[in-house]
Amino acid sequence: MRVFVAGASGAIGRRLVAQLIERGHEVIGTHKAAAKAGALRALGATPVELDLLDAAAVRRAVLAAAPDAIVHEATALTGLKDFKHFDRSFALTNMLRTEGTDALLTAAREAGVRRIVAQSYASIRYVRTGGPVKTEDDPLEASPPPAMRQTYAALNYLDDAVVRAGGIVLRYGTFYGDANDALLEPIRKRQFPIVGEGGGVWSFVHLHDAAAATVLALEREGPGVYNVVDDEPAPVREWLPWLASVLGAKPPRRVPAWLARLFVGDPGIMLMTDARGASNAKAKRELGWAPRYRSWREGFVAAFAPATGDGADRGQERAAPRSSEGARGRAQPLSGRQT
246 MRVFVAGASG AIGRRLVAQL IERGHEVIGT HKAAAKAGAL RALGATPVEL
296 DLLDAAAVRR AVLAAAPDAI VHEATALTGL KDFKHFDRSF ALTNMLRTEG
346 TDALLTAARE AGVRRIVAQS YASIRYVRTG GPVKTEDDPL EASPPPAMRQ
396 TYAALNYLDD AVVRAGGIVL RYGTFYGDAN DALLEPIRKR QFPIVGEGGG
446 VWSFVHLHDA AAATVLALER EGPGVYNVVD DEPAPVREWL PWLASVLGAK
496 PPRRVPAWLA RLFVGDPGIM LMTDARGASN AKAKRELGWA PRYRSWREGF
546 VAAFAPATGD GADRGQERAA PRSSEGARGR AQPLSGRQT
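Remember, the working numbering sits 245 above the position in the sequence shown when you count from 1.
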């Protein structure tokens with residue numbers, strides 16, 4: 246297939262381009278900065294400089310590319326540094342998920358492209374009642390903290406628009422696997438504490454595995470919605486000490502919720518104490534997807550253990566760190582039951 250990848254120069258985009266080329270697909274990849282063209286060309290893609298918020302330019306680019314499929318991976322994420330003003334941090338990404346999605350879908354209709362896959366998000370999306378692990382059939386959170394409402398609305402808009410167009414929505418977990426991950430430095434500096442009981446459940450996915458699921462989704466007819474996450478949703482109190490240990494950092498501090506709220510606001514409190522994880526059963530069953538890193542435990546070690554550098558995409562195994570549970574042994578994962 247000829248695949249038009251919007252956001253090809255991003256963290257997941259680069260890995261997706263490489264995997265598509267490896268499977269014999271022809272890739273036209275968009276980038277915003279001219280300096281990114283060489284890297285895409287080196288991967289085997291045809292680079293196209295494009296502002297996804299310029300609908301006329303998107304139309305011209307898609308019609309010129311004449312693709313068989315379109316993948317929307319465009320975001321403007323550089324790491325969440327301000328939990329308290331969540332929507333402010335996601336403002337441009339929210340525009341890409343609304344206006345950018347509209348531009349791509351309009352161009353796709355004119356070009357006769359019916360195969361569309363778009364990036365969405367699973368972690369923190371689902372209703373914060375019932376069990377800790379949610380499926381695609383569970384309701385989404387209808388009452389997010391006020392500072393997150395625009396971000397939730399943009400994600401909901403993208404999901405609905407893409408499914409209506411007959412496309413596939415991939416609700417990824419929290420990405421990891423990039424050596425420049427903005428989450429790492431605060432953890433090394435003990436600036437990312439466990440808040441309250443640390444009961445917020447996160448679902449992760451390695452960037453390699455997210456790209457692999459995207460390739461499989463491209464080869465399937467839509468519409469559909471899939472959670473693309475690993476096998477082990479986990480509360481903050483489990484995954485955060487483990488990641489700190491992998492990084493060779495001291496254990497994270499513990500901060501009461503009332504104090505943390507002064508610095509991270511209601512969004513941070515929700516993420517750290519009340520979020521729900523996601524099940525990957527549907528993606529495994531219908532897409533035939535099997536993540537290389539079934540758990541963030543092994544994935545964090547492969548991606549971030551300092552002894553062997555950044556070997557995450559080489560599949561190298563590394564020694565696991567000592568569990569944060571100490572003499573009690575490895576902490577047990579959450580039950581896989583869904584509500």
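Check before you lean on any hint, since a few could be wrong.
[Unchecked claim] Calculated cross-link-like contacts (lysine to any residue; reagent style SDA-like; alpha-carbon spacing at most 20 Å):
#	residue 1	residue 2
1	Lys529	Phe508
2	Lys495	Asp426
3	Lys527	Phe508
4	Lys527	Lys434
5	Lys434	Glu344
6	Lys277	Glu344
7	Lys329	Phe508
8	Lys329	Arg394
9	Lys281	Lys329
10	Lys434	Asp423
11	Lys495	Glu430
12	Lys434	Gly289
13	Lys529	Arg465
14	Lys529	Val460
15	Lys277	Glu267
16	Lys434	Arg394
17	Lys527	Lys329
18	Lys281	Gln264
19	Lys434	Ala301
20	Lys277	Met246
21	Lys277	Gly289
22	Lys529	Glu464
None of these hints come from the bench; they were simulated from the model.
Next on the checklist: Checking one constraint from the list: CA of Lys281 to CA of Gln264, max 20 Å. Satisfied?
Outcome noted: holds (18 Å)
Checklist entry - Does the structure keep Lys277 and Gly289 at a Cα separation of 20 Å or less? => result holds (18 Å)
Item to check | Restraint check for Lys527 with Phe508, where alpha carbons must lie at most 20 Å apart | outcome: violated (37 Å)
Checklist entry - Given the hinted pair Lys529 and Arg465, is their alpha-carbon gap at most 20 Å? => result holds (13 Å)
Item to check | 20 Å limit on alpha-carbon distance, applied to hinted pair Lys434 and Asp423 | outcome: With a Cα-Cα distance of about 18 Å, the restraint between Lys434 and Asp423 holds, given a limit of 20 Å.
Checklist entry - Is it true that the CA of Lys527 sits at most 20 Å from the CA of Lys434? => result Violated. Lys527 to Lys434 sits at ~38 Å, over the 20 Å cutoff.
Checklist entry - Within a Cα-Cα threshold of 20 Å, do Lys329 and Arg394 meet the stated pairing? => result Distance of about 13 Å is within 20 Å: holds.
Next on the checklist: Against the 20 Å threshold, does the CA-CA distance of Lys434 and Glu344 hold or violate the hint?
Outcome noted: violated (37 Å)
Checklist entry - Is Lys277 within 20 Å of Met246, Cα to Cα? => result Measuring from Cα to Cα gives roughly 24 Å; hence the hint is violated.
Checklist entry - Is Lys529 within 20 Å of Phe508, Cα to Cα? => result Not OK: Lys529 and Phe508 at ~39 Å, beyond 20 Å, violated.
Checklist entry - Taking only the CA atoms, is the gap from Lys277 to Glu267 under or equal to 20 Å? => result violated (24 Å)
Checklist entry - For the pair supplied as a hint, Lys495 and Glu430, is the alpha-carbon distance within the 20 Å limit? => result holds (12 Å)
Figure legend: structure checked against the earlier numbered hints; hints not met, in rising order: 1, 3, 4, 5, 9, 12, 15, 16, 17, 19 and 20.
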